[in-house]
Amino acid sequence: MFLTNLRRIIRSGFHSFWRNSFVSLAAVLIMVIALSAIGSIMFMNTILDTTFANIKEKVDVNVYFIPEASEQDILNLKASLENLSEIESVEYVTRERVYEDFVENYKNNQTTLKALDELGDNPFGARLNVRAKEISQYQSVAEFLDDQNTVSLENPIIDEVNFEDNKAAIDRLVSVINFVDQFGTLLAIVLMIVSVLITFNTIRLAIYVSREEIGVMRLVGASVSYIRGPFVFSGIMYGLVSGLITLIIFYPITLWLGKLNDNSLYIGINLFDYYVSNFGQIFLVIIGGGIILGAISSYLAVMRYLKS
Amino acid sequence: MISFEKVSKKYADSSPVLDKIDFSVEKSEFVSIVGHSGAGKTTLIKLLLAEEKPTSGKILFDKEDIGSIRKNDLNTLRRKIGTVFQDFKLLPDRTVFENISFAMEAAGKTDEDIQSDVPYVLELVGLGGKAWNFPQELSGGEKQRVAIARAIINQPDILVADEPTGNLDPLHTYDIVQILKKINDLGTTVILTTHNKGVIDSLERRVITLEQGKIIRDDKEGKYVL
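Sequences listed follow chains X and D, in order.
Anchor point for the first sequence: position 308 equals 308 in this note's numbering, and the numbering is continuous, going up by one each time.
Anchor point for the second sequence: position 95 equals 95 in this note's numbering, and the numbering is continuous, going up by one each time.
Excised from the complex, chain X in its bound form (with noise of 0.2 Å):
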């Protein structure tokens, strides 16, 4: 009898949903927009993150050496640098390298490059590259290296740490991110209230107009749960059929944006290519979305009027 009913529910869910055609079509609409904004919202997100990921990258501390400091030494702090749990890589460039660089640099200043050779030997200092894994740390490591220049203060190797020059930068950078962050956390929140309330009036709309259908079912004898099936079953399809509409939208969108970003729009991330790598992810939560909402909002619905 389960079975039966089961599939009873399903026709007549089906049927309704087909021959509401401009209920159901209103519905579908409404839903797409509101599916379309958690989908978009999903590649705010991607867009926020990756952006945040490549900002990160570009911001590291150098520890200046003097010309003197033995690479022994270099590298045993390098070493006790690499042990610390905020630290993400330290690169060592030796002094030749820095030389080779800054040659690099000016080979089209031939002063500069004079000035150099007149010098006889390298005066440049070696140098580390410390990348922290939270732009935050930053201020902990230059603690950290601090305290190695105090210590071996009779015999100091260190010439220079450039993080109080990038620190007012990084700090700057640090509340960007983070209001950023929340700013785009709260309006992700915002948006996706906003859809689900729009979402849940539109299919409580679409069945108020079958209010005094739903008396007539109880009149005839039918139970509450064989009157709310079939009505449960029209908003999964509301939110099936608005998924797909959604997922079609996104794939010209996305190919369009990602176009873009190969060519003017630079936003870090060609989003064509994250929809159709992440499309079981995301085909999961706006199909799933979407579903959940139409059966929930269906069922909180008919409620409404078959408890009146």
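Hints were generated in silico from the structure; no laboratory data involved.
C-beta atoms are modelled at their ideal positions from N, C-alpha and C, and glycine is treated no differently.
Hints may contain errors.
Subject to a maximum C-alpha distance of 27 Å in a straight line, what follows is the list of computed BS3-like cross-link-like pairs (lysine-lysine) [said to hold, decoys possible]:
hint : chain 1 : residue 1 : chain 2 : residue 2
1    : D       : 27        : D       : 80
2    : D       : 53        : D       : 27
3    : D       : 27        : X       : 307
4    : D       : 220       : X       : 307
5    : X       : 307       : D       : 109
6    : X       : 307       : D       : 58
7    : D       : 182       : X       : 307
8    : D       : 182       : D       : 109
9    : D       : 80        : X       : 307
Across the chosen pairs, the derived CB separations fall in these ranges [stated by the list, open to error]:
hint : chain 1 : residue 1 : chain 2 : residue 2 : range
10   : X       : 205       : D       : 219       : 48 to 56 Å
11   : X       : 212       : D       : 23        : 26 to 34 Å
12   : X       : 4         : D       : 219       : 43 to 51 Å
13   : X       : 6         : D       : 67        : 55 to 63 Å
14   : D       : 226       : X       : 6         : 49 to 57 Å
15   : D       : 139       : X       : 4         : 30 to 38 Å
Keeping the supplied structure of chain X fixed, place chain D upon it in accordance with the hints.
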């Protein structure tokens, strides 16, 4: 079979719509309830269908107190009572066949029963050729015949018809009354509320007359006297 025991219904801040109503209906009876608008006929039907609860008194259906049935169990009661209304109350997005089969599906009948019983009952009410029409494609009389077919498809113990001819012309009114009589002759109890003097006088069955929420007459083979 059905008995109203000192049943009163009063809405907030108004005089009673029904005032200590006492009567009973036996199996296979045909009872007409007449009265002016506002006399309490429709309220009485709503109480019988448990759409509303009495303010005081009891309504017994096969010795079960209708007022004490839980809301979620009302469907079981309503499957025993077929209902026909003045405004037909058909499901507009379903065909004639589907409107009738819905009542059978709701009662848990098998597909085989539905396929055999629906055409039979449609023939009974003279709508054999309209099974796949939608309600908006039918005349008022035809819609009411669909409503009657739906009401009797589950072979209810009782058929309640609330002003079934109110929206119909005399010819269709006659048709509907004949169908109700036929259903009653087959053993189903019928309770009919109406304003129509012609209908009551032609039936020559029991008539209960309501006035201002009270029974003022209960005649075995009554006429419309108001």
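- Task: With a cut-off of 27 Å on the C-alpha distance, tell me whether residue 80 of chain D and residue 307 of chain X pass.
- Result: holds, 22 Å
- Query: Quick one, are residue 27 of chain D and residue 307 of chain X close enough, alpha carbons at most 27 Å?
  - Reply: Between residue 27 of chain D and residue 307 of chain X the Cα gap is close to 32 Å, so the pair fails against 27 Å, i.e. violated.
- Query: Would the pair residue 307 of chain X and residue 109 of chain D pass a check requiring their Cα atoms to be no farther apart than 27 Å?
  - Reply: Holds. Residue 307 of chain X to residue 109 of chain D sits at ~26 Å (cutoff 27 Å).
- Message: 26 to 34 Å was suggested as the range; check whether the CB atoms of residue 212 of chain X and residue 23 of chain D agree with it.
- Response: holds, 31 Å
- Verdict for residue 4 of chain X, residue 219 of chain D (Cβ pair) under range 43 to 51 Å: holds, 48 Å
- Quickly compare the C-alpha distance for residue 182 of chain D and residue 307 of chain X to 27 Å and report which way the hint goes. violated, 36 Å
- Query: Is it true that the CA of residue 220 of chain D sits at most 27 Å from the CA of residue 307 of chain X?
  - Reply: Roughly 40 Å between the alpha carbons, so the hint for residue 220 of chain D and residue 307 of chain X is violated.
- Message: I want to verify a distance hint. Is the separation of the beta carbons of residue 226 of chain D and residue 6 of chain X within 49 to 57 Å?
- Response: Cβ of residue 226 of chain D to Cβ of residue 6 of chain X: about 52 Å, so the range 49 to 57 Å holds.
- Item | Restraint check for residue 27 of chain D with residue 80 of chain D, where alpha carbons must lie at most 27 Å apart | holds, 13 Å
- Given the hint that residue 182 of chain D pairs with residue 109 of chain D, does the C-alpha gap stay at or below 27 Å? holds, 24 Å
- Query: Is the Cα-Cα distance between residue 53 of chain D and residue 27 of chain D 27 Å or less?
  - Reply: holds, 23 Å
- Query: residue 205 of chain X and residue 219 of chain D, beta-carbon distance inside 48 to 56 Å?
  - Reply: Given range 48 to 56 Å: holds, Cβ gap about 50 Å.
Against the hints set out earlier in the document, violations occur for numbers 3, 4, 7 and 13.
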